[in-house]
Every structure is written in structure tokens, then in C-alpha cells.
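Participant: Each chain sits in its own coordinate frame; assemble them with the hints.
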Amino acid sequence: MIAVWKHELSNYFHSLTAYIFSAFLLALVGLGAMLYNIQSAVANFEYVLSFVSLGFVVMIPIVTMRVVAEERKQKTDQLLYSLPLKTTHIILGKYLALLVVYLAPLLIISFYPLIFAQFGEVYLPTSFGSLFAFFMMGAALLAVGIFISSLTENTGFAAGIAISVILLNYYSVTLAEYVSSTSLGSAIAFAGIAAVLGFVVRYVTKHNRLAYGVAVALCLAVLGVYALDRSKFEGLLPDIMTKLSLFERFYKFVNGVFDLTAIIYYITVIVFFLFLSVQSLEKRRYN
Amino acid sequence: MIRVEHLTKYYGDVMALNDLSFEIDEGHVYGFLGANGAGKSTTMNIMTGCLSATDGKVSIDGYDIFEKPEKAKKLMGYLPELPPLYMNETPAEYLRFVGEAKGLKGAELKRQVEEVMEQTNIGGIKNRLISALSKGYRQRVGIAQALLGNPKVIILDEPTVGLDPIQIIEIRDLIGQLGENHTVILSSHILSEVQAICEKVLIIAQGKLVAFDTPRNLEKLMLSSNQVSFTAEASVDEASEIMERMEFAEEYQVEKREDDAVNIFVKTDSANVRDICRQIFFAFADQGNAIIEMEAKKANLEDVFIELTEGSGVEE
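So the protein sequences, as listed, match chains A and B.
Last residue of the first sequence: 287 (this note's numbering), numbering continuous.
Last residue of the second sequence: 316 (this note's numbering), numbering continuous.
It is possible that some hints are incorrect.
[To be verified] Below, a sample of chain A positions facing chain B; criterion: calculated Cβ distance under 8 Å:
no., residue
1, Ala3
2, Val4
3, His7
4, Leu9
5, Tyr12
6, Gln74
7, Lys75
8, Thr76
9, Gln78
10, Leu79
11, Tyr81
12, Ser82
13, Leu83
14, Pro84
15, Thr88
16, Arg285
Bear in mind the hints are in silico, worked out from the structure with no lab data behind them.
Positions of the beta carbon are idealized from the N, C-alpha and C atoms, including for glycine.
Bound-form chain B, shown alone (with noise of 0.2 Å):
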């Protein structure tokens, strides 16, 4: 569907993109994760032919976004960063141009227009100055301007910064929603919504890609800096002399609570949390010590991205 080849992109001296490659296939929601100034928007631009890039090639089913533009772009909807639009306008004239500007004419344009409002759920709004909307309000037009022309991919630059709780979890059912009849790439900052939405993730520091998996695969990556805390009902001495026996447990930690029980924190390198959950548990139970409380602490998206970002991660 989209092919990244070699892209790099220089801003005078400055690299912002670094021999990036990667491929896009049909039909899911793809994250695109990054700190500030890692190239997200960057790439955005260079894929939706906002952008020139200094080198490599973009295609999109087959058409060069350098070469076939206009095709390329037609298979595209694209949300910037900030959503572009005219704010001397009501949304209903602004889709309308765009529509038109897509090539779209007559009842088919009036058609989709209305199709893509009530997709986006602004249709009350529509006769509206944009500049008199909100914000969620202003990003869903903009969002509805990208479905205009029923394109294959819809790409949005940070769709949800700047939004209240409530218009976010909106916003992202409507990606959801989106996802099923087109191929989404979106890019956040914000790990969380990235592993909420997305099918898979591509983490990109420094003008460079770290790692492209599923939400899940990425954390398994970091599965050796597990964690496991429990509670057991027993003397810090007990306790003690339980752990010690036990070899996975590198380092441990034991604190007493006010209840004569026991918290206790192990950190392991060993791969199979639940292999350890249980070791723990039967540990305990064959000295008459109940556990009353055990929670295993995987690593999630979070710490994946610090690692990776931070230079010492994986590549693929």
C-alpha cells in the first residue's frame, strides 16, 4: 500500500530524517510514535506531498508521490498538525471546496459532503463560521476533510493534542470507526492512545526507525525488566528466608506493614512472569504464609518508547 524507500530529509544542516524505510499494507491502524522533533511530521509531510524530502521515494499503490502527484494524492486524505482550515467559513462551504478540488462534481460531491458530516458528527454545526467552533469541533472538520474523496489512506498528524477528555475518546471511536474501511496512520506522542487504537506501532527517534510491531510484541520486547510485588502475611525474617532460596530473584526488597504483613518487590530478568507468580506463590503457601495481594508489572509501550528513544533499543 505505502512504501517508504531510504527517506532522508535535511533542513539546511540539520538531519531530520535518517535513511527511513518501512511499508504500510492495507486496512489497519498504524501508530506513529515519536518525541517531539523526531521526524513524525516530517515524514507525515514527505508522504503526503507537502514536502519535499532530500532523498528516497514515497509510493503509494504503485504511484510516486514525486512523480504522480496528483494520483498519489487522490488515494490520500491528510490531516495536519493543525488543521487547515478557512476560518471565514462554514463547514459546509469548506468541504464543499475541497470535495471540489478533489475532483469531485455534482451529486457525488453533495453526496459525500453529507456522508462525511454525519461520520464526523457535524452536521449541526455546518452552517457555521469555523471560526466561532471549538477546538474538537475545528479538528473534526478537518478530519471530515480528509475522508472527502473516499480515500484509501487517511494519515492525521496528532489528531487528538489540544482536546478536553471527552472529545478525545470521541475522537479516537472515530478513528477506530475509520479503521475499518481504510487503511489509518495517525501520529501521537501520547503512548497511551497509540496502544489503545492502534493495530501497530512504529517508533521512530531521531530521524530513525527503532522498532515497527504490534502494541503487544513491543512490550514483550521488554519483558526482562519485569516486576512482581506482593503482599504475604508473615515477619520481615520469614519473608526474607523464603527469597533467599528462590534463585530468579535478583533483587528483592522487603517492607513491613502495619497488619504483620509484608510487602515485598522482586525484580527478575527471567522471561516467563507467570512461572515466577507461581514459584512465589507455592513458596509462600508450603511455609503456612498466605499471599494476600500479588500483581506482576509488565513493562507497557512507555517504558518501551524511553528505552528506544533514548538510543539503546532494539533495531529492526
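Pulled out of the complex, with its shape left as it was, chain A reads as follows (with noise of 0.2 Å):
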């Protein structure tokens, strides 16, 4: 695992993807520093964060798309499988890789609220506690960007899907308004989930039955419950997008709520899209 994760570093380090990211995330944050806290006079340094975090929307994927898909194009995926390594060591270091890349300008931007409070009073625990969450948001959406780098190997195509995965969520909030919320609505839009899944499953194993049957189980299960208590759908749909959302959960640390189930929940989706990486990965050697 070391191996890896120092393998990964240095090319992060020689290449210029680790500079990016690095001068886009800082640029950002100065940016944001300057409007909110310099020239709107704010003392807040959590909205500068909350400012911030639609950047994701670019900078996970320019620095996850790469991640397993190049190993895909390049063939130096067979290297990895040959050498006395665990599927689970692979991902993992390229993941710690990663996650320093990313800590590096954090580190940085951490001595801003220090810096502001020689100028005022700055309420360091909502800075520090957003920073924190901040971090946690990122890892999860670092972890989700492996895991779509590690479906194909076009790292275009891995990028365009990281982008629009992200926004999604990012305005999953916004959107979860404007779906319908009666049961009969919520319905069919799980019906439509299902195929989706379907479509996704039959993507990844190319295995046609298996797909058709995850559909059609999943949209017979839904149309019982719906047929058994209708009113188990009330709602449900954009109840479900709100709660998908990181960056609804961010937005409570901003607020100055240290609100640890989110935590738990960045948790939740790092551990669950490094496992479906993995498998990704390990699912290679039985096509």
C-alpha cells in the first residue's frame, strides 16, 4: 500500500495535476476571502468555505479522473494485478495519495481565520469546524471520483460523469422542490431508478439477465409497497435527494452546527465508494 501511495504522490507532484488542483482551490478561497471577508467586512470565514464548495464541481474530477482510468489506458493495470498487492491496498493507497494532494492547500488555507483574527474577532470554532467538514466533504467526493474513474477508460468520459454526478448533487437540494412529492410521482420515479440501475448493472457485469432481473425486482417492489400503502411514497422522492446531498450537510457546519451524523455520514460514503471501487477494480479479472 505504501508502495502505491508513494508512487501516486510523486506523480501527482511531477505532473501538474497536484499544482492545479492546489493553485484552483487556493485562487478560489482567496477569491472568496476577498469578497466576503475583506470587502463585505465579514468576519465569517465558514461563508468563504460554503463559497468555495461549488469548485468541487471541477476540481474532484481534474484530479480523480486519471485515477484508475489511465491505469485502464495505459495497461498498467496488468502490472497491479500481477504484483503481490491487494485490490483493497491499491485503492487505498491511490486514495491517501489523494487525499494529501488535497490536504496540502488545506493546510494553507487554514492560517487564514488565523490570520483575520490578528484583525477582528473571528469565531475560530465555526471556521476550524467548517475547515473540518470542509475536508470530510471533499475526501467523500474525492472517494466517489475514484470510484467512476474506476468504471472506464476514457478519463474524459470519467471526468464528464464526476462533473455531472457532483452538480447533481450539488443542486439536489434545489431540484429535490421542484419533484413532484405525491406518492404516485415518487413512484414512478423509483420505477425509473430501477431501470437506470438496470442499465448500470448491466454496464458493469454485462450480464443481460442479471440486469433485466435487478429492474424488473426492484420496479415490482416498488409497485407492491405503492399497492400495499401509498402513503409510504408521500414525499419520499425529494426527501431522499435532500438527505443524498453532501453539501446540505456541509452547509449545517457553516450555520455553526458541528453536526456529527454528518460526519459519520462523509464516513458512510468514503468507506462505501472505496468498497465499490474495489470491486470495480477486482470485477476486471472476471470479465
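Facilitator: Here's what the structure looks like:
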């Protein structure tokens, strides 16, 4: 694992990736700090982080798109498979290297509230609490990015999918207000999701019967629950969309609440997507 | 050393390997021969743990590749068909990573990296980017990678494909040297290559093992289709008369040359070519006709290969 970690890190710092990522993040934070803290003379550094969070839509895909996809494209995944390494260690090594790349600019940023504190009253617990949540949210998105990168060998495709997924997640709360909250609407949406899941299963496993099975079983489940108790679906879709949002949970920290459930949620997302990435890499052996 | 038992592999509905079994002993150079798509790469990928099998077992020194992959992989070095190189690194960086991944550390890592670079003769380019290297050098870096960790078995998938003749000779020499201290398995669809460097040959066709023997023995298998061609100082009639008297000559052809001599081609089923040559020689000598040239054409591995892979061959 340490070999992979070192290798990835040297890769990031050899190429421009780490520098572009850091520069982009620092520039956005700098811009935010200028707008909120200096021009508007607000003492809350957490607002800056909230402003910057939209930048994840671009920043995360920049660093994650190549993680696994590039290995496949260069056929170096063959090397990783033939080396005495566990797949879990490969993914963990890669993930930890990404975390270091992400942490480096955050360390610099962590001085900002302290600097502002020299010139006025800054409520540091909220600032650092938000910074921590900002780190956790980014870490969760990185795990999502690794998984998306492990699905394809086309880095552009990986970046595109990652951007749309993060964007969708960013706007899911806003969108939740527009989707139907009636039980019928929710049921139809879930049937649609079941169909999409079927396609995903088919793409990943190339197994037609399994894919149709999953889609049909989920659709039947939705239909069954709907027939038995349609009130279960009342407002379910917008509710889930809000709950799934990684960003919404971060805003709680910005508002000054240190929400442990959010931290646990982020950790769950990290573990879940890293697990999926391991499976996706492992699955290549079984094609 | 390596034991492959009843290996079967399906890609979807397509069968790539069909109940393949063989055993490989320590310290030889083995050639893995087959037409394109015969299942060579699939077998090698499964042996090295890069691919799962639908059914069957592979064990290296007693370690099952599916159950104890880390232990089994430590005993093997693998160069896939396309050398798995990171283009934006130098050979030195690349080898350091592979060495670390194979569990080497500190001074030992440094020593082994130096050693394999010397063995594969890439010391001079160790600080150039791999993307700037020629195909021959990339192949060497790939082989160097396989040598790290001093594995017992080195598996090379078509190591000479795409190289120029001089590079091919260099790589073959290198493989020969490796064979002194390691068990080497290499795949190829080039017969002369296998004939030149391998002590034993496995031929597979349509995912099945059709032959496993030394190149020499495989040729013997094919001696039945021997041909003898010779040139004698005689007229066409004289030559035909002599040939008629020979029982073994099932089929022959006499061709007139411009210098009062004839070319004769004889096809025979007899296994003893040398004896046939002798009979022909004395038959002509007795009649006072000199033989000025004679050649016994043996079947080469190419013929064996074509015959076996066309499905009419000998099963082990």
C-alpha cells in the first residue's frame, strides 16, 4: 500500500495535477476571502468555504479522472494485478495519495482564519469546524471520483460523469423542490431509477439476465409497496434527494452546528465508494 | 514448480481455454506456442493472477494463485504482451516502484534495481522518460521489472513482438541467460524463435494443449512426411529406371537439368531418412551415376505446428 501511495504522490507532484488543483483551490478561497472577509468585512471565514464548495464540481474530477482510468488505458493495471498487492491496498494507496494532495492546500488555508483573527474578532470554532467538514466533504467526493474513474478507461468520460454527478448532488436540494412530492410521482421516479440501475448493472457486469432481473425485481418492489401503502411514497423522493446531498450537510457546519451525523455520513460515503472501487477493479479479473 | 489443472475459461459464451492441464519443472526455458487467439495470453494472465478462471487450478510451488495470490505472485515475474509502463516516469523511478510493491526495501531495493538494470542493459537510459524510449528499450524495462524480487519463474508474453532483428537477437540472448537461473516461460507465435531458445515446447490450439515436448521430439513426430531431394548425373530414363526399383519411394519426380543431370524429389513414409539416403546413394553408384548433391528435408516445427493446430494432430 505504501508503495502505491508513494508512487501516486510522486506522480501528482511530477505532473501538474497537484499544482493545478492546489492553485485552483487557493485562488477560489482567496477570491472568496476577498469578497466576503475583506470587501464586505464579514468575520465569518466559513462563508468563504461555502462559496468555494461549488468549485468541487470541477476540482474533484480534475484529480480523480485519471486515478484508475489511466491505468487501464496504459495497460498498467496488468502490472498492478500481477504484483503481490491486494486490490484493497491499491485503492487505499491511491486514495490516501489523493487526500495528501487535497490536504496540502487546506493546510495553507487553515492559516487564513488565524490571520483574520489578528485584525478583528473571528469565531474560530465555527471556522475550523467548517474547515474540517469541508475536508470531509471533499474526501467523500474524492472517493466518489475514484469509483467513477474505475468504471471506464476513458479519462474524459470519467471527468464528464464525475462533473455531472457532483453537480447533480450540489443542486439536488434545489431540484428536490421541483420534483413531484405526490406518492404516484415518487413511485414513477423510483421505477425509473430501478430501470437506470438495471442499465448500470448491465454496463458493469455485461450480464443481461442479471440486469433485467435487478430492474424488474426493483420495479415490482416499488409497485408492491405502492399497492400496499401508497402513503409511504408521500414526499419520499424530495426527502431522499435532500438527504443524499453532501453539500446540504456541510452547510450545517457553516451555520455553526458541529453535526456528528454528517461526519458519519461522509465516512460512510467514503467507505462505500472505496469498496465499490475495489469491486470494480476486482471485477476486471472476472470479465 | 507450476501446476496447471483443468483450466477452463469462458469470455461470456466464448470458450478461450478448454480443460488445459500441464506441469512445468524448475530451471528450463519453456515455449508456449499457438496461433493468434489460441489462448496463450489468457493462460499466462490466469497463471499470473491477472485474470480469473472459470474453472480449474493453478499452483506455483504449492501456492494456489487464487487462494494465496500474494505468496504465489512473489514467485513470479510477468511481462504482459504490452509492457505495462508508466510513460511519464523514468526507468529508475518505475523500477523503484515495482521493487517496493514487491516488498523490497532500502539497500536491497537499490541493489536489485541496479542489478536488473545491468542485466537488461538499460543503465544508460535509466534517467530518460519511458515515453521517449524505443520499443526495444521499453521491452527491456518491462523485462527488468519482471526480474525484480528475484522470482523463480519469469513469464514473458510475446517478448519479441514488434522488435527489429537486432533487438530480437539481443532479447533472445537475454532470455537464454535468464534460463540459467530461472524458469522462463515465453509465448510466441514465431516458431523459429521457440525452436532457437526453448528446451520444451507447449503447443496449444483452440484452448487445448495439443503437444508438450522438446522441439526435437516434436520434429520426430513428423518424420513420416520426409522428403529427400538430390541431383544425380544421369539421364531421365536412367534415373527413372533406378528409382522404379526402390520400394520405399512411394512418390518421386524426375526433373531434367541443363547440365546432363537430373533433380529428383522423393517422398517417403519410412522413418529412417538416413537409411533411405544410403540406399539411394548406392543404387546410383552401382550404376555408375554420381550423386552430386543430396538433402534430406526434415519436417521443422512449422510443419508440426500447422499439422497440430489444424486439429489432425497427436493428442498427449
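Participant: Hint by hint, note whether the structure agrees.
Facilitator: Do the hints match the structure? See the list:
1. Annotation: interface hint on Ala3/A holds; nearest CB of chain B at approximately 4 Å, less than 8 Å.
2. This hint holds: Val4/A has a C-beta 7 Å from the nearest C-beta of chain B, less than the 8 Å allowed.
3. The closest approach between the C-beta of His7/A and any C-beta of chain B is roughly 4 Å, which is under the 8 Å cut-off, so the hint is satisfied.
4. Proximity of Leu9/A to chain B is violated relative to the hint, the smallest CB-CB distance being about 11 Å (cut-off 8 Å).
5. The closest approach between the C-beta of Tyr12/A and any C-beta of chain B is roughly 11 Å, which is over the 8 Å cut-off, so the hint fails.
6. With a cut of 8 Å, the hint placing Gln74/A at the interface with chain B holds, because the nearest CB-to-CB distance is about 7 Å.
7. At its closest, the beta carbon of Lys75/A sits 5 Å from a beta carbon of chain B; the interface hint therefore holds under the 8 Å criterion.
8. For Thr76/A, the interface hint holds, since its Cβ comes within 8 Å of a Cβ in chain B; the closest pair sits about 4 Å apart.
9. Because the closest C-beta pair between Gln78/A and chain B is about 4 Å apart, less than 8 Å, the hint holds.
10. Restraint check, Leu79/A versus chain B: the minimum CB separation of about 4 Å is within 8 Å; hint holds.
11. With a least beta-carbon distance of about 4 Å to chain B, the hint placing Tyr81/A at the interface is held under the 8 Å criterion.
12. With a least beta-carbon distance of about 4 Å to chain B, the hint placing Ser82/A at the interface is held under the 8 Å criterion.
13. Satisfaction of the interface hint for Leu83/A is found here, the shortest Cβ-Cβ separation to chain B being roughly 5 Å, below the 8 Å cut-off.
14. Given hint, Pro84/A at the interface with chain B, holds; its Cβ is 4 Å from that chain's nearest Cβ, closer than 8 Å.
15. Checking Thr88/A against chain B by beta carbon gives a least distance of about 12 Å; that is not within 8 Å, so the hint is violated.
16. With a least beta-carbon distance of about 5 Å to chain B, the hint placing Arg285/A at the interface is held under the 8 Å criterion.
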